[in-house]
Each structure stands twice: as structure tokens, then as C-alpha cells.
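Turn these sequences into a full structure, and let the hints steer you where they fit.
Residue numbers for the sequence shown follow UniProt numbering, so the first one is 1 and each next one is one higher.
Simulated from the structure, these hints should not be mistaken for laboratory data. Heads up, some of the hints might be wrong.
Distance windows between CB atoms, simulated [what the hints assert, rightly or not]:
1. H70 <-> V99: 18 to 28 Å
2. P14 <-> T148: 41 to 51 Å
3. A159 <-> T102: 17 to 27 Å
4. G41 <-> R75: 16 to 26 Å
5. T113 <-> L50: 18 to 28 Å
6. G177 <-> E20: 19 to 29 Å
7. T148 <-> G71: 34 to 44 Å
8. S73 <-> T102: 12 to 22 Å
9. V112 <-> R138: 26 to 36 Å
10. S167 <-> L142: 20 to 30 Å
11. S53 <-> G111: 12 to 22 Å
12. P26 <-> I98: 12 to 22 Å
13. L13 <-> H154: 37 to 47 Å
Ideal Cβ positions, reconstructed from N, Cα and C, are used throughout, including at glycine.
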Amino acid sequence: MSVRTPDPNPGWLPEFALDETRARVPILYVEAVPVRIDAHGTVEHIGVLLRGSATTGAMTRTLVSGRVLHGESVRDALLRNLEKDLGPTAFPQLPTSIVPFTVAEYFPFPGVTPLHDPRQHAVALAYVVAVTGECNPRQDALELTWLTPQEAAHPDVLADMEGGRGSLLKQALAHVGALDH
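Structure, rendered in C-alpha cells:
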């Protein structure tokens with residue numbers, strides 16, 4: 001049984017063709033670490049989603065994530081996936097540059113990188129995105145938890161992240177200077 005919410009606008013491939021494509025070529029994704037910042041631009045809180053894993057059905061923590069659809073810009077994909085996961089009143093403030101803080105590569109077999117997705121080889125452009133509005137998780141996200149940087153960096157939180165995303169979250173914290181030394 002799949003816990004994924006069907007995409008109402010599948011974009012470019014029906015589900016059976018997407019599964020076949022995933023088995024043959026890397027798929028491009030965007031990932032976002034939602035943050036709340038103070039007036040000085042310092043990260044105060046990091047948003048982490050709770051959802052059922054599409055592969056195991058277990059409850060896990062994750063980040064905003066989704067495919068870049070055929071004919072869609074990276075900026076539009078980032079906005080669409082932020083709205084899909086956080087709701088229409090999250091009011092994300094996209095970075096002025098679409099250069100990601102890292103490029104994350106997921107392999108279908110564990111051990112190649114810290115990131116793993118048994119469905120596919122995927123490449124994700126990862127961003128830290130400030131949100132200023134009210135977040136109400138939608139689609140297959142059950143809850144959004146706001147953590148302080150210290151709470152988000154806790155080994156138990158990082159280990160609970162789906163597909164090794166704890167390593168990606170730790171990179172995001174380092175990128176914004178929010179890791180304790």
C-alpha cells in the first residue's frame with residue numbers, strides 16, 4: 001500500500017512510466033529546508049516534516065522535497081513543492097540565486113552516499129528557504145515541527161530523517177552557520 005498522495009498534475013509521466021524511467025535514468029528533484037529567521041537573518045527554527053515513508057510505511061522525519069517537472073523552472077518547482085508540503089500561506093522567501101547550498105545524490109542501493117532512495121537514482125538541488133507565513137502541512141505531510149538549530153542537530157533527530165536526509169539537514173545547518181562548534 002502506498003502512502004504517497006497522487007500528484008493531481010503529474011506533469012510529464014503517468015505512474016507506470018515514471019517507475020520505468022526511475023529504473024533507467026536519474027530524476028531531478030528540489031529539496032528545501034524551511035527556516036524561520038530573526039530580523040538579523042539568523043536562523044531561529046528549522047521546519048521538519050513528519051510523514052509516512054513511501055517505501056516502508058514507517059513514520060519518519062523529512063524535508064520538503066519533490067520532482068522538477070518537464071518544462072518547469074527550478075524556481076517554480078521549489079515554490080510548488082513548498083506550497084504542496086507547507087500549504088499556500090507559508091509565504092516562502094526564495095533565495096535571489098537558484099544556486100543550491102549543495103547537490104544531493106540519492107542511490108537506489110545503500111552505502112554509495114549517505115543518501116538512499118530504494119526507488120531510484122535521484123539528484124536533488126538543496127536550498128534553505130525562509131518562510132514567514134502560517135504553515136499547514138498538506139498532501140502526505142502529517143505535521144511540521146519547528147526545531148531550534150540545536151534540537152535539529154541532535155543525533156537522534158538526524159538519525160530519524162528519511163533516506164539519510166539527516167546528513168543533508170546537517171549540511172544546511174552548517175551552511176547557515178547554525179551548528180554549535
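Results for each hint:
1. H70 <-> V99: 18 to 28 Å: holds, 22 Å
2. P14 <-> T148: 41 to 51 Å: With a Cβ separation near 42 Å, P14 and T148 satisfy 41 to 51 Å, so the hint holds.
3. A159 <-> T102: 17 to 27 Å: Given about 20 Å between the Cβ atoms, the range holds.
4. G41 <-> R75: 16 to 26 Å: Between G41 and R75, where Cβ atoms are some 21 Å apart, the hint holds.
5. T113 <-> L50: 18 to 28 Å: The hint (18 to 28 Å, Cβ to Cβ) holds, given that T113 and L50 are roughly 24 Å apart.
6. G177 <-> E20: 19 to 29 Å: violated, 43 Å
7. T148 <-> G71: 34 to 44 Å: holds, 39 Å
8. S73 <-> T102: 12 to 22 Å: Holds, at about 20 Å.
9. V112 <-> R138: 26 to 36 Å: holds, 32 Å
10. S167 <-> L142: 20 to 30 Å: holds, 23 Å
11. S53 <-> G111: 12 to 22 Å: Roughly 19 Å apart at Cβ, these two residues keep to the hinted range, so it holds.
12. P26 <-> I98: 12 to 22 Å: 19 Å Cβ-Cβ, so the 12 to 22 Å window holds.
13. L13 <-> H154: 37 to 47 Å: holds, 38 Å
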